[in-house]
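Engineer: Next come the chains, spelled out residue by residue.
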Amino acid sequence: MYDYGNEFGRSRSFGALENPLGTIMLDKNLFKKDNVQSKGFVEVSFLRDFRFTVNLNADYEGHSNLEYLNPEFGDGEAYKGFCKRTSSRRITVSANELLNWNKTVKSHSFDFLAGHESYDFKYNYLSASRSGFPFPGQYELDAAAVLEGAGSYEDTFTMESYFSRLNYNYNDRYYLSLSARTDGSSRFARDSRWGKFWSAGASWRISQESFMSGLTWLNDLKLKASYGSQGNDNLGTFYAYLGLYDFGYNNVNYPGIFASRLPTPDLLWEKNITMNAGVEFTILDRLTVNFELYNRRSVDLLFPVPLPSSTGYGSYDANVGAMKNTGFDLDASFVIFNKARFKWTTDLNLSHYKNEITKMPKDQEQIINGSKKWMVGHSIYDYYIQKYVGVDPENGKAIWNTTDADGSIITTENYSYADKFYTGSSSIPDLQGGLTNTFRYGNIDLSFLVTFGLGGKIMDGSYQELMGNSPGYAMHKDMLKRWTPTNTDTDVPILDYDINSNETSDRWLTSMSFLNIRSLTVGYNLPEKWVSALHISDARLSMMVTNLHLFSARKGLDPQQSFSGTTDDSYTPLRTTSVNFSMNF
Amino acid sequence: MKRISIIIVLLAGLCFSCSDDFLETKPTDQIDANEVFKTAAGAQTVLDGISRSLRVAPIASRDDWFGVKSFDIMWDLMGDDIVCTQQGWFIYDYQLDYRMAYWARCSYPWTLYYQVINNANNILAHAETIPFESDSQRAGILGQALAYRAWAYFNLVNIYQFTYIGHESAPGVPVYTEPTTSGNGRGTVQNVYDRITADLGEAIDLMTENPSPRRHISDIDLSVAHGIYARVALQMGNWARAETEAATARQSYSLNTRSDFASGFSVYSRSVWMWGMEINNEQSTGYGSFPSHMDMTINGYAGSGSMPKYISIALYNMMADDDIRKQLCEAYDDGSAIHYINYKFNASLSGKSFAADQVLMRPEEMLLIQAEAIARQGGRDTDAQALLNDLHAVRQVTPVPVTSTGTALLDSILLERRFELWGEGFRGRDIKRLKIALDRTGSDHDQALCLYMTAEPESVLWNYQIPQSEIDANPNMDESDQND
Chain G
0 MYDYGNEFGR
10 SRSFGALENP
20 LGTIMLDKNL
30 FKKDNVQSKG
40 FVEVSFLRDF
50 RFTVNLNADY
60 EGHSNLEYLN
70 PEFGDGEAYK
80 GFCKRTSSRR
90 ITVSANELLN
100 WNKTVKSHSF
110 DFLAGHESYD
120 FKYNYLSASR
130 SGFPFPGQYE
140 LDAAAVLEGA
150 GSYEDTFTME
160 SYFSRLNYNY
170 NDRYYLSLSA
180 RTDGSSRFAR
190 DSRWGKFWSA
200 GASWRISQES
210 FMSGLTWLND
220 LKLKASYGSQ
230 GNDNLGTFYA
240 YLGLYDFGYN
250 NVNYPGIFAS
260 RLPTPDLLWE
270 KNITMNAGVE
280 FTILDRLTVN
290 FELYNRRSVD
300 LLFPVPLPSS
310 TGYGSYDANV
320 GAMKNTGFDL
330 DASFVIFNKA
340 RFKWTTDLNL
350 SHYKNEITKM
360 PKDQEQIING
370 SKKWMVGHSI
380 YDYYIQKYVG
390 VDPENGKAIW
400 NTTDADGSII
410 TTENYSYADK
420 FYTGSSSIPD
430 LQGGLTNTFR
440 YGNIDLSFLV
450 TFGLGGKIMD
460 GSYQELMGNS
470 PGYAMHKDML
480 KRWTPTNTDT
490 DVPILDYDIN
500 SNETSDRWLT
510 SMSFLNIRSL
520 TVGYNLPEKW
530 VSALHISDAR
540 LSMMVTNLHL
550 FSARKGLDPQ
560 QSFSGTTDDS
570 YTPLRTTSVN
580 FSMNF
Chain Y
0 MKRISIIIVL
10 LAGLCFSCSD
20 DFLETKPTDQ
30 IDANEVFKTA
40 AGAQTVLDGI
50 SRSLRVAPIA
60 SRDDWFGVKS
70 FDIMWDLMGD
80 DIVCTQQGWF
90 IYDYQLDYRM
100 AYWARCSYPW
110 TLYYQVINNA
120 NNILAHAETI
130 PFESDSQRAG
140 ILGQALAYRA
150 WAYFNLVNIY
160 QFTYIGHESA
170 PGVPVYTEPT
180 TSGNGRGTVQ
190 NVYDRITADL
200 GEAIDLMTEN
210 PSPRRHISDI
220 DLSVAHGIYA
230 RVALQMGNWA
240 RAETEAATAR
250 QSYSLNTRSD
260 FASGFSVYSR
270 SVWMWGMEIN
280 NEQSTGYGSF
290 PSHMDMTING
300 YAGSGSMPKY
310 ISIALYNMMA
320 DDDIRKQLCE
330 AYDDGSAIHY
340 INYKFNASLS
350 GKSFAADQVL
360 MRPEEMLLIQ
370 AEAIARQGGR
380 DTDAQALLND
390 LHAVRQVTPV
400 PVTSTGTALL
410 DSILLERRFE
420 LWGEGFRGRD
430 IKRLKIALDR
440 TGSDHDQALC
450 LYMTAEPESV
460 LWNYQIPQSE
470 IDANPNMDES
480 DQND
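Going down the list, the sequences are from chains G and Y.
Just so we're aligned: the first sequence equals residues 0 to 584 in numbering that gives the first Met the number 0.
Just so we're aligned: the second sequence equals residues 0 to 483 in numbering that gives the first Met the number 0.
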């Protein structure tokens, strides 16, 4: 960056207050972390079949950080230097007491467990900052004069659970599993904090039946089904039922507070009820398949329901409705060749699911959630955004669809007038999976893992940013296709100061399909005679490359970033190459 | 030894969580709402929270969000008296292009003023149960809550709808008099003003009957409540009321002298303010603050030359040469043109930087309301002339007595508002209130940057849309309730 000097007005229009060289050299960002984990347990066996266990775990994590802006260059200049010290600690203590009973009577075998568990999480935070550093290079708080802030707080989160489980099997042929638990979370109010969950599962190993014994090509066959519920209490706050005012709205020396949260004393655990059926089999010692169908219903979904901000709040937490996820998972492993010199195996996993909202709250049948709209019959991942029509060839302005007074569809240059619509696309892929191939020829082996996704759309926010018009920011090369008086046949608008130009619309929806060569390994096992001459049991030389290549709709776009179909400027996974030589004695 | 440790682990494991209160947790950086109104001191913390909310930066990455002074800059940049020469924060305001439903400037005032209203409503909802220690304490707390509510509605209705006169039955903004979670419809502008005048009337009655000494410059005391009423009455064209409210509001204040005016507008005690925000280092919002954007003497956005705000040459030229307000301005050649820096906001004078105090009301504004209200009532031009002369006496070295009458007198009062209140958010509000055309020609505005050199009176550009999030979440509002 060119230094325009300090004289007034001699300033870059972009990043005027920044001095990258000065701040890299003189600013400090120090992070220290301590971590201690301890575990203890006692196990007592009694009355032959009983076992009683107590486990106690305590984890400590401490952070001590320093941020220092130097007094001479960059952001810290206006403060004559700025230092912020923060220190935090997290202590997690969990304990459980388990009673086990194991009994086998002839072909009947029982395994029973009852237990209690408690979990206690504490977080402490302390910070202080000062400015006005008279001596360069002195960066601790003591060296400065002006108090810029200080504060501390503690968070506590606790949970308690009681649970039991019974596993039964008859002759390794019929299996039955039953469980029940109740969990109490400090997030919820006293009267609604306990959630009750249970599950039941059964499986039948048909291949063990005598009538199947003649089928020698069938090595294993098992049918299985289960039904059960699980809870979720995580809604981004530890105090989900209290009405709260924020501290810290102090007015000079007068303490001040400001309403920040509505009370929600009726909040409950969200329940996920899963129904699962599947089959497992192995044929000819070559092909092993595990296929499962599931239907997971989520009821009492925990969600911050948007409130009109004229009420003074942006949202309130509620159990808003219900949805279901239906889909399948398939795992298959196939030995294609199995000769002494050459072996080739393929492992494949595939999954597919659909999401559908089945119930919304009575008073809010539609909820806009970012680029999605939630309503019954749609998925929570269905895009509901503005329709980008393209560029007006006359003036280069971006245009969107809108509805005029008569109800007919017209176009507008003003983004705020544009209509939203269900685009018909969602951020769920139609199919995703992974494929591993392993080849071995003599002493040489090669394997590669490919992951892929088919279908679905991602809102490419990174591309949207790169197509923006902020001076000084990086741009995408597609900007070269922008409208100019001589290039009017384009869908990239004119580059001007217009606030509308690159706003969110289906213009940024990009195919989520991808193919990622996740890893490739080539190995060579040293021949036996060499190895034995060296008096070692084996030796192997191998090379592995990860993230070899990602094929996606746009260079640099990694559709594996998030579920909700938005990009978050995360780093694309690094490609690493490693060479290993290993010996065993 | 082994046995002892086994017993310790057993006991610890068993007893841990035995207590019934194990699952009872409370935050330490927030307070349970049920505790707040158990004392009058608790209610006072909510009032102080409202005061502070007017100068909080809610989002660290947005250096143009720092409370109500960011709206003052918004208003002024939409007008003609401040000239920008660079891209930067507030450029969309200068381009009159930040009013639409999806933009950040549209949602921020809405959110902030309604939070003020909600907090005021929380206080008022507990009026009967707060154990006040005296009638004057009760009057002070409830009166301020009412006045804050009125003031917030007044600001809202002037951003999200055209002025009162001629738009009385146009859609207003939702009115709430108690805490709620269900959104109301827009009602009419008249409904909103009915609420504003009722609240101000009640606040003034309470504080008049049970007076108490002022605690701090940030408090709305009786004089400030009258001052807010004066602004409201002026907006409503209730000239007689505006005159008396303004006169009552400023009766215990002297006018700022030439040296007061030149003291930098950064320490409330160095000049005569009626209402203001005292700001210390800890509570300053740093680069995202009024001084950073407006004060050319400190190393913020304006002072570094990143986004300087100049006084329009046209306005500068209209001031008398011996006027302190002109004498604080200095020509500056930025390499491509001559502009005028206005050193009215000068935190360096008091050794301050971003933590400079901010003014919300001062006696000169009241004097100008009084003068305008008198001139508009007609027949008493000498009274209005006398008020202008009073002001000139403390701005100019050898003031020339005002002799104009009628429309000319009114025009010179309105012009005086631009001289006196430059940078304090009044020019943009006045363009909308007075239904005048925007005219940036004949000055140092650059069309390539400001986009609009002129705009029709009551142009749609002046009317903010209702934020989209409000339309989406409010069952009593839909797209048909949206402003153009």
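To be clear, the hints were calculated from the coordinates, so they are not data collected in a lab.
There's no promise every hint is true.
Think about it this way: if two alpha-carbon atoms lie no more than 25 Å apart in a straight line, the pair counts; the simulated DMTMM-like pairs of lysine to aspartate or glutamate are [said to hold, decoys possible]:
{"id": "1", "chain 1": "G", "residue 1": "Lys79", "chain 2": "Y", "residue 2": "Glu281"}
{"id": "2", "chain 1": "G", "residue 1": "Lys361", "chain 2": "Y", "residue 2": "Asp480"}
{"id": "3", "chain 1": "Y", "residue 1": "Lys25", "chain 2": "G", "residue 2": "Glu412"}
{"id": "4", "chain 1": "Y", "residue 1": "Lys25", "chain 2": "G", "residue 2": "Asp190"}
{"id": "5", "chain 1": "G", "residue 1": "Lys386", "chain 2": "Y", "residue 2": "Asp483"}
{"id": "6", "chain 1": "G", "residue 1": "Lys79", "chain 2": "G", "residue 2": "Glu60"}
{"id": "7", "chain 1": "G", "residue 1": "Lys270", "chain 2": "G", "residue 2": "Glu355"}
{"id": "8", "chain 1": "G", "residue 1": "Lys121", "chain 2": "Y", "residue 2": "Asp20"}
{"id": "9", "chain 1": "G", "residue 1": "Lys419", "chain 2": "Y", "residue 2": "Asp471"}
{"id": "10", "chain 1": "G", "residue 1": "Lys372", "chain 2": "Y", "residue 2": "Asp477"}
{"id": "11", "chain 1": "G", "residue 1": "Lys31", "chain 2": "G", "residue 2": "Glu139"}
{"id": "12", "chain 1": "G", "residue 1": "Lys83", "chain 2": "Y", "residue 2": "Asp28"}
{"id": "13", "chain 1": "Y", "residue 1": "Lys25", "chain 2": "G", "residue 2": "Glu60"}
Engineer: If a hint holds in the structure, say so; if it does not, say that too.
Structural biologist: We went through each hint and held it up to the structure:
| no. | hint | verdict |
| --- | --- | --- |
| 1 | G:Lys79 to Y:Glu281 | holds, 15 Å |
| 2 | G:Lys361 to Y:Asp480 | holds, 23 Å |
| 3 | Y:Lys25 to G:Glu412 | violated, 50 Å |
| 4 | Y:Lys25 to G:Asp190 | holds, 16 Å |
| 5 | G:Lys386 to Y:Asp483 | holds, 20 Å |
| 6 | G:Lys79 to G:Glu60 | violated, 33 Å |
| 7 | G:Lys270 to G:Glu355 | holds, 16 Å |
| 8 | G:Lys121 to Y:Asp20 | holds, 15 Å |
| 9 | G:Lys419 to Y:Asp471 | holds, 12 Å |
| 10 | G:Lys372 to Y:Asp477 | holds, 16 Å |
| 11 | G:Lys31 to G:Glu139 | holds, 15 Å |
| 12 | G:Lys83 to Y:Asp28 | holds, 19 Å |
| 13 | Y:Lys25 to G:Glu60 | holds, 22 Å |
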